[in-house]
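Chains as they are written, first to last, in the numbering used here: chain V, 1 to 386; chain C, 1 to 313; chain A, 1 to 327.
Careful: at least some of the hints might be erroneous.
[What the hints assert, rightly or not] Listed next, the in silico DSS-like pairs over lysine-lysine satisfying Cα-Cα at most 25 angstroms (straight line):
1) V:Lys53 / V:Lys68
2) C:Lys305 / A:Lys131
3) A:Lys154 / A:Lys108
4) A:Lys168 / A:Lys253
5) V:Lys248 / C:Lys139
6) V:Lys231 / V:Lys248
Calculated directly from the structure, the hints in this document are not laboratory data.
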Amino acid sequence: MKNVLRSGTALVLGLAVAGQAAAQNMLSEIGEGEGQVNIVAWPGYLERGETDKAFDWITAFEEKTGCKVNIKNANTSDEMVALMNEGGFDLVTASGDASLRMVAGKRVQPINIDLIPSWSTVDDRLKEAPWHYVDGTHYGVPYMWGPNVLMYSTEVFPEAPASWDVVFKPMDLPDGQPNAGRVQAYDGPIHIADAANYLMFNQPDLGITSPYELNEDQYAAALDLLREQRKLVSRYWHDAFIQIDDFKNEGMAASGTWPFQVNLLKAGSAPVASTIPQEGATGWADSTMMHVDAENPNCSYMWMEHSLASNLQSDLSVWFGANPAVPAACTDGRGMQTDEGCTTNGMDDFERIKFWTTPVSSCESQGTCVPYYRWVSDYIGVIGGR
Amino acid sequence: MSMQAVSDRGAGLFGRLSDTLWRRPGLLIFLLILPPAAWLGIIYLGSLFALLAQSFFSIDEFTGIIQYEFTLKTYAELFRPSNFDIILRTVVMAAAVTVGAAAVGFPVAYFAARYARGKWKAIFYLGVMMPLWSSYLVKVYSWKLILAKEGILNWMFETLHLGWFLNAYLAIPVIGGNSLSVSATGTFLVFLYVWLPFMILPIQAALERVPHSMLEASGDLGARPAQTFRHVLFPLALPGVIAGSIFTFSLTLGDYIIPQIVGSSRRFIGQAVYAYQGTAGNIPLAAAFAVVPILLMAVYLWIAKRQGAFDAL
Amino acid sequence: MTSAIRFSGVSRHYGDVRAVDNVDLDIAEGEFFAMLGPSGSGKTTSLRLIAGFERPTAGEIRIFGQVAQGIPPYRRNVNTVFQDYALFPHLNVRDNVAYGLMVAGQPKAQRHGAADGALEMVALTGYGDRKPSELSGGQRQRVALARALVNEPKALLLDEPLGALDLKLREQMQEELKSLQRSLGITFIFVTHDQGEALSMADRVAVFNEGRIVQIGAPETIYFRPETPFVADFVGSSNVLPPEFVAQLTGRKAHGALRPEAVHLSEQGHSATVRSVSFLGAATRIGIRIGDVPMTMLLPKSDTFPKVGDTVTVNWAAEDLHVMDRA
Numbered sequence: 001m002k003n004v005l006r007s008g009t010a011l012v013l014g015l016a017v018a019g020q021a022a023a024q025n026m027l028s029e030i031g032e033g034e035g036q037v038n039i040v041a042w043p044g045y046l047e048r049g050e051t052d053k054a055f056d057w058i059t060a061f062e063e064k065t066g067c068k069v070n071i072k073n074a075n076t077s078d079e080m081v082a083l084m085n086e087g088g089f090d091l092v093t094a095s096g097d098a099s100l101r102m103v104a105g106k107r108v109q110p111i112n113i114d115l116i117p118s119w120s121t122v123d124d125r126l127k128e129a130p131w132h133y134v135d136g137t138h139y140g141v142p143y144m145w146g147p148n149v150l151m152y153s154t155e156v157f158p159e160a161p162a163s164w165d166v167v168f169k170p171m172d173l174p175d176g177q178p179n180a181g182r183v184q185a186y187d188g189p190i191h192i193a194d195a196a197n198y199l200m201f202n203q204p205d206l207g208i209t210s211p212y213e214l215n216e217d218q219y220a221a222a223l224d225l226l227r228e229q230r231k232l233v234s235r236y237w238h239d240a241f242i243q244i245d246d247f248k249n250e251g252m253a254a255s256g257t258w259p260f261q262v263n264l265l266k267a268g269s270a271p272v273a274s275t276i277p278q279e280g281a282t283g284w285a286d287s288t289m290m291h292v293d294a295e296n297p298n299c300s301y302m303w304m305e306h307s308l309a310s311n312l313q314s315d316l317s318v319w320f321g322a323n324p325a326v327p328a329a330c331t332d333g334r335g336m337q338t339d340e341g342c343t344t345n346g347m348d349d350f351e352r353i354k355f356w357t358t359p360v361s362s363c364e365s366q367g368t369c370v371p372y373y374r375w376v377s378d379y380i381g382v383i384g385g386r
Numbered sequence: 001m002s003m004q005a006v007s008d009r010g011a012g013l014f015g016r017l018s019d020t021l022w023r024r025p026g027l028l029i030f031l032l033i034l035p036p037a038a039w040l041g042i043i044y045l046g047s048l049f050a051l052l053a054q055s056f057f058s059i060d061e062f063t064g065i066i067q068y069e070f071t072l073k074t075y076a077e078l079f080r081p082s083n084f085d086i087i088l089r090t091v092v093m094a095a096a097v098t099v100g101a102a103a104v105g106f107p108v109a110y111f112a113a114r115y116a117r118g119k120w121k122a123i124f125y126l127g128v129m130m131p132l133w134s135s136y137l138v139k140v141y142s143w144k145l146i147l148a149k150e151g152i153l154n155w156m157f158e159t160l161h162l163g164w165f166l167n168a169y170l171a172i173p174v175i176g177g178n179s180l181s182v183s184a185t186g187t188f189l190v191f192l193y194v195w196l197p198f199m200i201l202p203i204q205a206a207l208e209r210v211p212h213s214m215l216e217a218s219g220d221l222g223a224r225p226a227q228t229f230r231h232v233l234f235p236l237a238l239p240g241v242i243a244g245s246i247f248t249f250s251l252t253l254g255d256y257i258i259p260q261i262v263g264s265s266r267r268f269i270g271q272a273v274y275a276y277q278g279t280a281g282n283i284p285l286a287a288a289f290a291v292v293p294i295l296l297m298a299v300y301l302w303i304a305k306r307q308g309a310f311d312a313l
Numbered sequence: 001m002t003s004a005i006r007f008s009g010v011s012r013h014y015g016d017v018r019a020v021d022n023v024d025l026d027i028a029e030g031e032f033f034a035m036l037g038p039s040g041s042g043k044t045t046s047l048r049l050i051a052g053f054e055r056p057t058a059g060e061i062r063i064f065g066q067v068a069q070g071i072p073p074y075r076r077n078v079n080t081v082f083q084d085y086a087l088f089p090h091l092n093v094r095d096n097v098a099y100g101l102m103v104a105g106q107p108k109a110q111r112h113g114a115a116d117g118a119l120e121m122v123a124l125t126g127y128g129d130r131k132p133s134e135l136s137g138g139q140r141q142r143v144a145l146a147r148a149l150v151n152e153p154k155a156l157l158l159d160e161p162l163g164a165l166d167l168k169l170r171e172q173m174q175e176e177l178k179s180l181q182r183s184l185g186i187t188f189i190f191v192t193h194d195q196g197e198a199l200s201m202a203d204r205v206a207v208f209n210e211g212r213i214v215q216i217g218a219p220e221t222i223y224f225r226p227e228t229p230f231v232a233d234f235v236g237s238s239n240v241l242p243p244e245f246v247a248q249l250t251g252r253k254a255h256g257a258l259r260p261e262a263v264h265l266s267e268q269g270h271s272a273t274v275r276s277v278s279f280l281g282a283a284t285r286i287g288i289r290i291g292d293v294p295m296t297m298l299l300p301k302s303d304t305f306p307k308v309g310d311t312v313t314v315n316w317a318a319e320d321l322h323v324m325d326r327a
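Only chain V is shown next, with the shape it has when bound in the complex (with noise of 0.2 angstroms):
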């Protein structure tokens, strides 16, 4: 999902294949459940009101279809590839990275969003997304999105941040100290694309086009902006949970984080908010996708139904702290999410939003660019002081 990019050399073979993975045969119509769907999904996206009585978009599924859900979950995007190579599973939610991989290693099957019937409902700017439409044909059915939002702490800013200088330049925040030691970054090579976002906005000169493509100018520049952050920045965040307790117990002023974590900080009445500044933000997307050897097809199309039709789209966004899919789940009242929730989570600002594709050599907007697995090592130099 968001906090992971992985394998761009997967991702380059993956695209080098990827015309090859033409239409094969889909579903043409939907028949009787086969009383079973087995769907492998990040932590949290699928809830049964187990965690909280509040969150659920399964058992209603389960009683209306008969079609049981078996959940696996999976923790990184890789685990995902490799549980859909074993096989025995229907649907994963599978991210940018882990759904062009899955697409060019032919693990997943087109869908045929005829048997969809709340397919129009879809976001229109999800419905040919790159990372679940090649080439003309569909791969996924769009399921949540979000922001890399700037979450900054109230009692130091009175008001949101314009800039996410904030956490790169060193500066003296609005309560009058530094904020050397109070700003947080994400400790994984992407956040290289949140630098050269920052960039493409305020040094135009350079001529960034995708924070996503760079060339050696370009990469060399965000790097240089991030080795300054670095002096700013005493620990990276890594895990949701530790950028919460960070914010708690550490004084921190700001970070680009999840909506997750505002969400959850908030809930704990922690003097936090969050915006997307003028440059804009990186952000994530995934998708539900169908095993190319999916046993139950019907009660798999039936679920991607369900993940639209439902109160999944709403109260799911509510629960992670994301946006639907389907924008209506915002205003309809078909479960507990609202406008201004929607609006909190980024929703408004699609167009601000870099979606992430895997940095690759041979990039579309200047022929060569600096591929991920440099980004890799480059960062952890960056973090360790080089």
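Model the placement of chains C and A on the given structure of chain V, informed by the hints.
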């Protein structure tokens, strides 16, 4: 009087099997050793060598595809400043943790081996082992809370009006930081806590084996207690210290969880391996990093042997 | 004669256990002194009190006139040969022997020279580079001896030093220890549970029982004139005769001690029944019973021995029956 010399007890199949094994003890040993040897040889060493083999491949700079040709290029990459930093940082931390654990662990082990009896011995074992029973992650997270800026330790320093001291310490570069929980010192403390039992138990076992008369003899011959420690007790406990240090040193070399949760986010070898193989797909470099602790431990053991650490075994 | 070690009312109690109980003792300088007794009798604890490994709970110990109270072992000018030798396994023989000199700060060449000299004294020249584990039990014993003596102590404490050796070696070492003590002229204090060893080596013997000294004296006195039935039994395997029986013979109602070798077959005397016959080589031990009094006698080599169940007549010289006034 019965003249039968052989009892017919156990004349069945198992009886005959037992007889055969009794006559051919080599066969018994072979049968006993076969499964673990197969496991060790094929699965354990096999996967290790598969890993090592990866380190002699390289990743194509341009496409990021692994090239399955023999090269030392990946090892050369280890010496790039950013990578070498990681190795150096990890080794220094592992060494510091080992020395710290020995310094803290020895008196504890000494007390347990020499003075603790009965109930106190049980309490000692319980005290040393109990941290091992709870989840590693829970322990590390607890430490994060203890060391946090608004945590117990900081509060204690403030309450004792020693906050200035802590702040002065944290202002020291490299080992300091914004708070203990984001400093290298914090990482050190958590490592020390988590691996301490692995140091105490071997030392305690080694000390238990030192006859008390050995220490009396030393004192009897005129050695002051410090001299007895230096010339008799420590050399005799050294195999235990070395055994413990192998644990603490190698565990610190390999860990990637603690520095991720407590510390300055600067990478350690384990994290580098994790990042390179997991997200970057740079398995050769990850493998080369994984070789580093193996080499370091080999060198460490070699030096220890040369220094006579195993003479008292 | 100056006093080397003096105990005045020394006790060492562990809770209710009286390991050493109100002991008075005076060991002369240059004396070969044995502490004899069964295990748990307090002899080893007494030795450890001298060495300083234990502290008395009452009484006063003086070592060469100096009050030992509060002086740690490493400041006492006595050295110990331990029962298990306590050689340092990580040091070679030379370094073991030189240990005391090393901790005293002697330079290497000097202490190694002294160590080699000490090894020569115990006939282990050339063994300096070996590890203790490469030596036999007897050789280790000598190393332990050399290690203690190289410090030139004023008194040497030996805790069952020969216990782990086989019989032949033990006898040889007994000789050597004795001649060593004579040539060095220092005080040897020797703890043993072997009465033969104590009697053959020591100038004086203290017999310990239950934390107290029951008799102290020259070996001959201890052997021939035991003062209590315990000493008679433990030291000499004497026949301890009940007071009633002794009263019949001597008119004095007290325990009597009669050495087995003092009893012989005779034309006249006491009629006895033979209960057991054991061939011991140089002599034969015969268990007899006079009335209801059991007794053993040792008969020298002879052509004929009585058999079990025979009735024999035995006798002894009147002066061999030693009447013990103390209980």
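Do the hints match the structure? See the list:
Taken as a hint, the Lys53 (chain V) and Lys68 (chain V) pair is honoured in the structure, with Cα atoms around 19 angstroms apart against an allowance of 25 angstroms. Between Lys305 (chain C) and Lys131 (chain A) the alpha-carbon distance is near 17 angstroms, which keeps this suggested pair within the 25 angstroms criterion. Note on Lys154 (chain A) and Lys108 (chain A): the hinted pairing holds, with a Cα-Cα distance of about 24 angstroms set against a maximum of 25 angstroms. This hinted pair does not check out: Lys168 (chain A) and Lys253 (chain A) have alpha carbons roughly 43 angstroms apart, beyond 25 angstroms.
Between Lys248 (chain V) and Lys139 (chain C) the CA atoms are separated by roughly 19 angstroms; this keeps the pair inside 25 angstroms, and the hint holds. The suggested pairing of Lys231 (chain V) with Lys248 (chain V) holds, with an alpha-carbon distance near 22 angstroms, which does not exceed 25 angstroms.
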